[in-house]
Structure formats: C-alpha cells, structure tokens
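Colleague: So the protein lines, in turn, are chains D and Y. Everything in the first sequence is counted per numbering that gives the first Met the number 0, starting at 0 for the first residue and increasing by one. Everything in the second sequence is counted per numbering that gives the first Met the number 0, starting at 0 for the first residue and increasing by one.
Rather than coming from a laboratory, the hints here were simulated on the basis of the structure. Glycine included, every Cβ here is placed at the ideal spot set by N, Cα and C. None of the hints are false.
Selected chain D positions facing chain Y (in silico; Cβ < 7 Å):
hint : residue
1    : F9
2    : F10
3    : V13
4    : G28
5    : F48
6    : G50
7    : A51
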Amino acid sequence: MKLVILVIAFFAIVVGLVLAFPDYLLNPGPLMQGHAHIEKNCLSCHRPFRGALAMQCTSCHKPEEIGIKNVKGMALLRKDSKISFHRGLPANSCIGCHTDHKGRDSTRAVRAFKHEGISFDLRANCNSCHDVQKPKDKLHDYATRSCGECHSTRAWKPASFDHKSLASGTNCLDCHKGDVPRDRLHSSAGANCSTCHGTSGWKPASFDHKTVASAQRCLDCHKGDVPRDRLHSSAGANCSTCHGTSGWKPASFDHKSLASGTNCIDCHKGDVPRDRLHSSAGANCSTCHGTSGWKPASFDHKTVASAQRCIDCHKGEVPKDRLHSSAGANCSTCHGTMAWKPASFDHDRYFRLDRDHRASCSTCHNDSSDFKKYTCYGCHEHTASNIASEHREEGIRNYQNCMRCHKSGSDED
Amino acid sequence: MALDYLLHQLQIELAGRYLGVAGTIFFLLSFLYSARKKQIIPKGPLKRFLQLHCHAGWIATLLILVHSGIHFNAFLPWAATVLMMIVTASGHVGQHLVRRFRNEAKLKKQQLGILTPPDDALDRQLFWNAVTLKALNQWRMVHMPLVAFLIILTLVHVVSILFFSNRANWM
Numbered sequence: 000m001k002l003v004i005l006v007i008a009f010f011a012i013v014v015g016l017v018l019a020f021p022d023y024l025l026n027p028g029p030l031m032q033g034h035a036h037i038e039k040n041c042l043s044c045h046r047p048f049r050g051a052l053a054m055q056c057t058s059c060h061k062p063e064e065i066g067i068k069n070v071k072g073m074a075l076l077r078k079d080s081k082i083s084f085h086r087g088l089p090a091n092s093c094i095g096c097h098t099d100h101k102g103r104d105s106t107r108a109v110r111a112f113k114h115e116g117i118s119f120d121l122r123a124n125c126n127s128c129h130d131v132q133k134p135k136d137k138l139h140d141y142a143t144r145s146c147g148e149c150h151s152t153r154a155w156k157p158a159s160f161d162h163k164s165l166a167s168g169t170n171c172l173d174c175h176k177g178d179v180p181r182d183r184l185h186s187s188a189g190a191n192c193s194t195c196h197g198t199s200g201w202k203p204a205s206f207d208h209k210t211v212a213s214a215q216r217c218l219d220c221h222k223g224d225v226p227r228d229r230l231h232s233s234a235g236a237n238c239s240t241c242h243g244t245s246g247w248k249p250a251s252f253d254h255k256s257l258a259s260g261t262n263c264i265d266c267h268k269g270d271v272p273r274d275r276l277h278s279s280a281g282a283n284c285s286t287c288h289g290t291s292g293w294k295p296a297s298f299d300h301k302t303v304a305s306a307q308r309c310i311d312c313h314k315g316e317v318p319k320d321r322l323h324s325s326a327g328a329n330c331s332t333c334h335g336t337m338a339w340k341p342a343s344f345d346h347d348r349y350f351r352l353d354r355d356h357r358a359s360c361s362t363c364h365n366d367s368s369d370f371k372k373y374t375c376y377g378c379h380e381h382t383a384s385n386i387a388s389e390h391r392e393e394g395i396r397n398y399q400n401c402m403r404c405h406k407s408g409s410d411e412d
Numbered sequence: 000m001a002l003d004y005l006l007h008q009l010q011i012e013l014a015g016r017y018l019g020v021a022g023t024i025f026f027l028l029s030f031l032y033s034a035r036k037k038q039i040i041p042k043g044p045l046k047r048f049l050q051l052h053c054h055a056g057w058i059a060t061l062l063i064l065v066h067s068g069i070h071f072n073a074f075l076p077w078a079a080t081v082l083m084m085i086v087t088a089s090g091h092v093g094q095h096l097v098r099r100f101r102n103e104a105k106l107k108k109q110q111l112g113i114l115t116p117p118d119d120a121l122d123r124q125l126f127w128n129a130v131t132l133k134a135l136n137q138w139r140m141v142h143m144p145l146v147a148f149l150i151i152l153t154l155v156h157v158v159s160i161l162f163f164s165n166r167a168n169w170m
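With the hints as extra help, turn the sequences into a complete structure.
Modeller: Here it is, written out as structure tokens:
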C-alpha cells in the first residue's frame, strides 16, 4: 500500500514539474533567438500528437512577405534573394527545411537543404537563389547556363568542367590566370598550358626539354630541386651530367670526373654500413667496391691479418643449422675466400654417413681446429685393438688411414 | 558511445529512436518474471524466467543507452537514463543475493544429506528458511520503488514524445 502511495506521489510530482517547466524537462534544446519568447509555450508550434506543422509557422510568417516584411509587418531594409526563393515554394514545406531547438545562435534552416523538394522550374534556374554566390571570375563569366552542368546540388566542390565545351580559340590563362605558379619555369612558359598539362588535372604534367633553348641552364628552372648534400654541392649547374630529362632517377655519375685525390667517404659518408667489416675498412671504398654500384663487391682476403678469424667479420652470416653449429670458427676448412658457394665439403666423397654412422661431427673429428683430421676409434666397436686384430687376420698391415679403403662406410669396401 | 558515433557517421541517427522502442520492448519482456512470480503466468520454471529478466534487462539498458546517444538535451529523458542505470545496478545487487541464497541452499542440502535432484518445492522451502531472505527482502524494498519510478519517467517521456513529435519526421 505504501508503495502505491509513493508511486502516485512521484507520478504527480513528475507531471506537475513537466507542466510547470516544460522548457527544462522536455525541451530538446533552446529555440533560436527569434523564437526565445515562445520557449515555454510548446503548443505555439506543436499540435498535440501531430507535431510541429507548417500551418503553425504560417500563422506568424506570411510566405508572400518573407524577405520583405518581418512577422510584425514592418518592412525590411535589406531585401535579398529569399523573396523569390520562398515564393516558389509550397506553403506547407516550411518544416522540410526549417527546424528549431538547435540553440540561440542558429538563425536559419539548419536541416540539410534538399533541392529535390523545390519545384522543377526553380531547380532549373539556380541563379534565382544563388546569383550572389556566383564568383566574379572569368571562368564563371563564361558559365551562363545552369550551375548544375559543373556543380552538384550537394556542394560546390568538387566541380566538373568539360573543356570540350569551350570555343577552340579559348586561351587557358583567360580562366586559369590565378593558377599559374610564379616560378621561373612557368614565367618562361607561354599561355598555352596544354603543352604540358592535361585538362583533367595539373598533375601529372609532361614537359619536353627539347623546347628549351640550348643555352638554358638546368638550375634556372630546377633551383629548388637541388638536394643540399655534399655530393650535389660539388656538382655544377649542369644536372644533365648525371640526370636525364625524363626523371631524376635513375641517375648516372661518372666517377672519372672526380679529382684523383677525392676521398670516397667525402660524398658517401652516409652510405657506409656500421658493421664490423666496414668499421675496420679504410676510407677508400674502391678497394672493394666499383663505381657503378655497391654490389657486387670484391674483397681481397689476403689483406686480412693472418691471426684474424673468419667469424670476426662474418659473425652474422653463419647458418644456424646442425652442420654449422658443430663447425669451428675457421670457415676456410670448407669455404673459399671468393664466395660461400660452392663450398668444398661432400662427406659422401670421403666417408658416407650411413645408418651405422649417424654420430655427431665431434665423435670422429675430435680436433675442432682441423676438420680434416678424424678418428674411427670414437665408438665402442672400433677400438684400436679390435681394428688391429681384424686387419692382421686379413694380412693387412697398412690400415691407419681408414678412409682409404672404407669410403662407403661398409666392411666390404 | 562508439555505436552512437557510428550511427551519426553513417547518417542513420534516426535508427537511435527505434532503438529506444526496442529497448522499451525488452524492458517489458523483463517484466514476464514478475508476472510469473505473481502467478499471472501460471506455469514455467522460475529459473528460466529469472534468466530472461536479467538478459532482457541488460539488452534493454544497452539499447536505451545508444538511444540516449549521450546527448545533453532535455532533463526528463536524462533523469530516466540515470535512473535506468541505477535500476540495472540494483538488479545486479539482487542477482548477487540470489546467487548467495543458492549457494547457502546447496550447502544446507549437503549438510542434511539431501542428494536428490533440484526440487522446486524444496527449493522454495529452503529459500524461506535461508539467511539471505532478510537481505533479499530489504533489497526488494529499494528495487521495486526504483522500478516504479523508472516506469513513470519512461511513460512521461514516451507520452511527451508522441504528444510533440511529427510522425512524418520519424522516417
């Protein structure tokens, strides 16, 4: 029973508050400045269970007086395009464009304007509403027809323009005067932009360097394109020594043109790798590298000190497979100094690792500094005394080099 | 909030209005549990109705939150949203108490050596004997008025929307 009383009391309080303060409790947002005085009186615009209706708007705003007089009947000083625009609209369409509850700052229609809602005649004559918005440039002077040929009804940009519609003698600069860059390249160009540019966009642009006078220096036009590195600071103004006219890259550079005393590092400082191999190398890159490219590179291992271990320089290059994990630091046991491949190691050639001989490398090669040395006495079967007695029974006395007779790993061979 | 942002980005924020309707329907569904308890619905396992109550309540809360769209407009719908959150939180407290009751009932059954499968009548008997009952009764004294207040705020909100809105703008 207590609960019922409590609920009824709460209901009465809520309804009472709603009726007393509808602007706070129900209002989805403040009305615009012009409607502020009717903020508490919701029924000025809303009809019960029918919402806001255009007929409520027209009870104050006379459609035929919009833009001419205000709601009090006083004449407006400044008349604008609103007059003709509103005359072309049906009287019951106010709500289609205008809304409220969007705050005091909003003054006009805040709903997205739908051109589909206006009459066909009015839609065909864009200028009747947008004549003030039309830019006063030459491009738009040409446009005498409907804006819709270039612009959509959603927004002015992006706009399409069919250059084919222009008269054949039309000068590009008549419309695009403001678009011409003020650099030297363009200052010497003529008024016919189409020599380099297409009609769909300024970029990409083509440029025929053959049209340039032979005395013209590259830098006259490409001044801003020169990189500020040492390589280019010592280069002359004639870019064509290294670069072609179709693009900066690829570029050729003739190292023969350099003075004989020029240090490679002077220009290639940033190109030197920070690995151990290069840290111990001198400034003369040409010892290993050619001038046409960093790779392939040659390296004379004879220049390396005899005490130097292969791994000191080639640490990162050691494969992590089983074969190499048990190999020592002396790569030259298998590899040459010319290249990693081909490598001189074919176990089948010396001794086949068949199913009876699947042992780790160190079982036979117990001297890791020299893999050429081996022993067969590393397993139980092949003890020195066993081998000696078996071979003596056969009358074989020279049996110290096992591989000489047992290359295939079998007893018979 | 992310979902509301997505609705605005896709320019289908009107869908938010219909989420309000869907949320209200889920809230109404959650009342089936009360109907079962008051024997308005005579048959059906109470456990399932309680599950429906909890799940429908959750879904309704989420839908209404997206519907409210974190827009600071009129006070009444905001008050309703805040109260809805309080009611949902209160529902969780209730859920916790019921879980405690179940554990206690299970323990008592074990102590009494009852190993038979769940029996509604026995469960009810144990329920009334449980220590949790007092706490659950006190909780109901808070939960039920809050639910009643929420119904009133929702009702006033729905009626005010129907009273002032233009149905043509709902499409």
